[in-house]
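There are 2 protein chains.
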Amino acid sequence: MLRTHTCGELRLTDVNKEVTLAGWVQRVRNKGGLIWVDLRDRYGLTQLIFEEDSSEKSLLEKAASLGREFVIHVKGRVIERTSKNPKMPTGEIEIKADFLEVLNAAKVPPFIIEDETDGGDELRMRYRYLDLRRNVVREKLQLRHRMMQETRKYMDGEDFIEVETPVLIKSTPEGARDFVVPSRINPGEFYALPQSPQTFKQLLMVSGFDRYFQIVKCFRDEDLRADRQPEFTQIDCEMSFVSQEDILNTFEGLTKHLFKNVKGVELEEVKMMTYAEAMESYGNDKPDLRFDMKFANLNAVAQGNGFPIFDQAELVLGIAAGGAGEYTRKQIDALTEWVKRPQIGAKGLVYVKCNLDGTFKSSVDKFYGQEDLKSWAEKTGAVPGDLILVLSGEEKSTRKQMSELRLKMGEELGLRDRNVFKPLWVVDFPLLEWDEESQRFHAMHHPFTSPKKEDIPMLETDPGAVRANAYDLVINGVEIGGGSIRIHDRATQQLMFKHLGFSDEEAQKQFGFLMEAFEYGAPPHGGIAFGFDRLCAIFGGSDSIRDYIAFPKNNSGRDVMIDSPSTISEQQLKELAIKVDLTKN
Amino acid sequence: MLRTHTCGELRLTDVNKEVTLAGWVQRVRNKGGLIWVDLRDRYGLTQLIFEEDSSEKSLLEKAASLGREFVIHVKGRVIERTSKNPKMPTGEIEIKADFLEVLNAAKVPPFIIEDETDGGDELRMRYRYLDLRRNVVREKLQLRHRMMQETRKYMDGEDFIEVETPVLIKSTPEGARDFVVPSRINPGEFYALPQSPQTFKQLLMVSGFDRYFQIVKCFRDEDLRADRQPEFTQIDCEMSFVSQEDILNTFEGLTKHLFKNVKGVELEEVKMMTYAEAMESYGNDKPDLRFDMKFANLNAVAQGNGFPIFDQAELVLGIAAGGAGEYTRKQIDALTEWVKRPQIGAKGLVYVKCNLDGTFKSSVDKFYGQEDLKSWAEKTGAVPGDLILVLSGEEKSTRKQMSELRLKMGEELGLRDRNVFKPLWVVDFPLLEWDEESQRFHAMHHPFTSPKKEDIPMLETDPGAVRANAYDLVINGVEIGGGSIRIHDRATQQLMFKHLGFSDEEAQKQFGFLMEAFEYGAPPHGGIAFGFDRLCAIFGGSDSIRDYIAFPKNNSGRDVMIDSPSTISEQQLKELAIKVDLTKN
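First to last, the protein sequences are chains A and B. To convert, note that position 193 of the first sequence is 192 in numbering that gives the first Met the number 0; the numbers rise steadily by one, no gaps. To convert, note that position 132 of the second sequence is 131 in numbering that gives the first Met the number 0; the numbers rise steadily by one, no gaps.
Check each hint, because a few of them may be wrong.
Since the list can't tell identical chains apart, any single copy or any two copies may satisfy a pair.
List of simulated lysine-lysine pairs, BS3-like, C-alpha gap at most 27 Å [what the hints assert, rightly or not]:
#1 K497 to K106
#2 K255 to K152
#3 K452 to K106
#4 K95 to K74
#5 K339 to K360
Simulated from the structure, these hints should not be mistaken for laboratory data.
Kindly generate the complete structure, drawing on both the sequences and the hints.
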């Protein structure tokens, strides 16, 4: 070992020990013939001191030549500091160095490698391996490690078996586009990369594995939007002989375990809400429950007073923004502009200020008297000092707009505290959703999700109203994961494919292997998948591993290692024997 | 929950409890108006008994209709068995059933789902999800899970951080062929799948991660030979500020931890041998040390007696097969035929029987007297009752042939016990190896491996003799893993690329990002990668996850889920915008 201790572990109790340290030069200070060096490694910082009277003559000279980020190797004695630094765990000691070796010199780094850096995003991304030296960045990856360890500890303790499923698979379409991998051994044929191990884990249930889990990479060939990465990590689980309640309990347990053991937070009980309730009260299937501000339907109290916009609207919706009653005209104008942006799409915004003296002042005083506005306050739950905000129009889009406005107000009023966690199960999702583009129903979750038994007859009469045994875990407005009780018999699975517009042949060709397996003793089963990247983000870690592990960029600013694929040579393509002529395309 | 207990947990102490079980029907026996059913799940077997006097009238009828592998749900009372089965953990009790529900019927399975099955390989592979119900198969995957858990526990305890590296990367050639993944967003460009996270983990060391590990999938687009799968799993590690000894100690620790905690075996200390010694004594860089049978150079004692084959040979090699002195003529002829097979390629085999009375009988008595043969026995360490086997010819191929023969004799003499484990570090591998085909030197390990400092001058004069700081862990003749101390400075890395025949431009283009990183404070570092599949195989688990998780086959016997890639549609290819015309090819 090139060291006896790390840079984070020496204390007063170690005084007089002869030690060897190795690490990076964080800072060099030169004063009155003395040189201090802060030496850094993953574990911390330790101060070194170089003095003139040292045994090695050239030592001071060598120390003076050190630059930032040099990698060095130092021997010396632990001594008590005269001026201690209570902010540093090693702040009571320093090392009186008597040996110094430069293991590797370093060019001057392009930005300061400290918690506060002068490097802009682009520069830090170009030298990502240097950015990763900063505590704040490194800690995000360490958190990820801790999350993985604790997830596995919990799942193992609950008798789940981690099974690695293959990455090179046959395509089983699941909504998004598959990445494909040409095979050289079978020219003209391709593997697919899994969008999830869904069918694998269901087959494992048929195999009797009873409780399966995996922390697994999944792949989707989609546009790189902010929340969509081409590869992402999932905590993937499946259980047999369980009800929905058993699954929710188990994964509520996992979530609490992680909060407690990784973040030191005792998570409160996870609330439960149906999809219908969530849409009704929050206009959103993943409501942020860190604040209330529920939607109130104002149709009964706002229509019929001669205000044409409300009278013609399918829905008049109000929310009470607590304590925003003193918003200025300017602030309200800004909100109005905000809801009218194309991304939100509202036509306008009506407000009612609930004055502290019990009176009301609104933007529609022409049409509504104090009594009218009082009934609005009652509906929305507004009290003196609050601001009632009202949107109206076609039902679906009004709910959506109000959901955005609610989140915006929560943000402005400081109600979305990153250190408060409000978990929620959203249950009873619709089984199907109508797709305008293809003019047919698609599976909202996936085609293996079971409909609620009592709703099955509606598959023929009102498919959009059929509820599924499907559930999502939502924390602070972020969908952490979702799952369902699956179909486990051939007849129901075939019925489902029929309603999704598959011909019998198509269904058989794509999913025959699964339906056949159901005929050989498939147990009732269900499962869930958590988005590991999102879970880490909630904990303050990285959103996507690709954000942190994508390594240096080339001169054009593109990643050398990832993000930008490489151009393949014609020779390589020939080896792949892709035999389709697409030059005309 | 559809059960209160699993099928493996009820004992005498549970008698009189009302329980609910769920699982698969393993066996139904019908005798004297009583029906016994063995109910199976992952956790075990429990016997159910159905009697006529049961409360539910149709119960016996229902039970009689059960078939093998039906999935059922049963309620009843735990009672003490009259005839106990000491071989079953639940053998002292049975369940007097009073409720039975069939959760899913099952077709008659195509083979018997018990430890001993009547299903041939092909049938079991076609219905792999049924084969996985058999204990012996399921246990292989459970072992894999246990190995992963214990690996992570050990590594976490040693302060290693698990970092997920990306799967969709830019190609960094490492010897084998990359799988490539076309990008739809950047038409005509491709991602590569990693052959290993080698450069990622080195960059993590530059980032100061200090100790990294990952259990990670790697990919090689190679022919599917027995020991090469297109995807395989690796325990991948890297450490900073360490010597080779530190790395060997850490991973000897991991190996012992796994043997102790997964297999209950206290592994002996790992021996160490140089590559040169291994080749000299065993003709093999991964010698099986479960038995000795070291090579003896017989040139000095076998040449010059007028036996032309030996006289013309570059090398005459002997081994003493302990206790094989009574091999019959027929057995020796069979051995001779065996070494002459094209896979081995020897011209012939000379033997000397060491008789119990101290005399010798050889196939070359015409040329060698008793005193000559006695000196062969001394060289090979043969004692009365042994059989000396001698091969001769060109040095390299003779060693290789003798290595095969030695393993064959070990097998025949029962010296390769699956329950004996002999671990070995092979160190000081050559840095380079000559490649006849390309007529140049290739990196034996990979281009990032550091040469021994004292051997660097030989890079110019005798490149093949330069030793590397590289090491392999070998157990029972299987290479479990290997690694090296890496190059960590730009100059040495450039020198290395030069000796591998890279132009400066090529080196810069492919690995400039790494060499640049070395200029910003790269610590000395090194690492290792264990083949997880091979390690599991040594423990009695699966060789490759694909052997077990490749799911049902289609009618032509090919995997539906993996192994056989899928044919992509022309439309899909168009979307991929592969713009090169290869129809002529």
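Hint check results:
Within a single copy, K497 and K106 get their C-alpha atoms only as close as 65 Å, which misses the 27 Å cut-off; across copies the closest is 24 Å, which meets it. In this homomeric assembly, K255 and K152 come within 27 Å of each other (Cα to Cα) both inside a single copy, at 13 Å, and across copies, at 21 Å. For the homomeric pair K452 and K106, the shortest alpha-carbon distance between copies (24 Å) is at most 27 Å, but the shortest distance inside one copy (68 Å) is not. Proximity of K95 and K74 under a CA criterion of 27 Å is satisfied intra-copy only: 8 Å inside one chain copy versus 75 Å between copies.
Proximity of K339 and K360 under a CA criterion of 27 Å is satisfied intra-copy only: 22 Å inside one chain copy versus 104 Å between copies.
Of the numbered hints stated above, none is contradicted by the structure.
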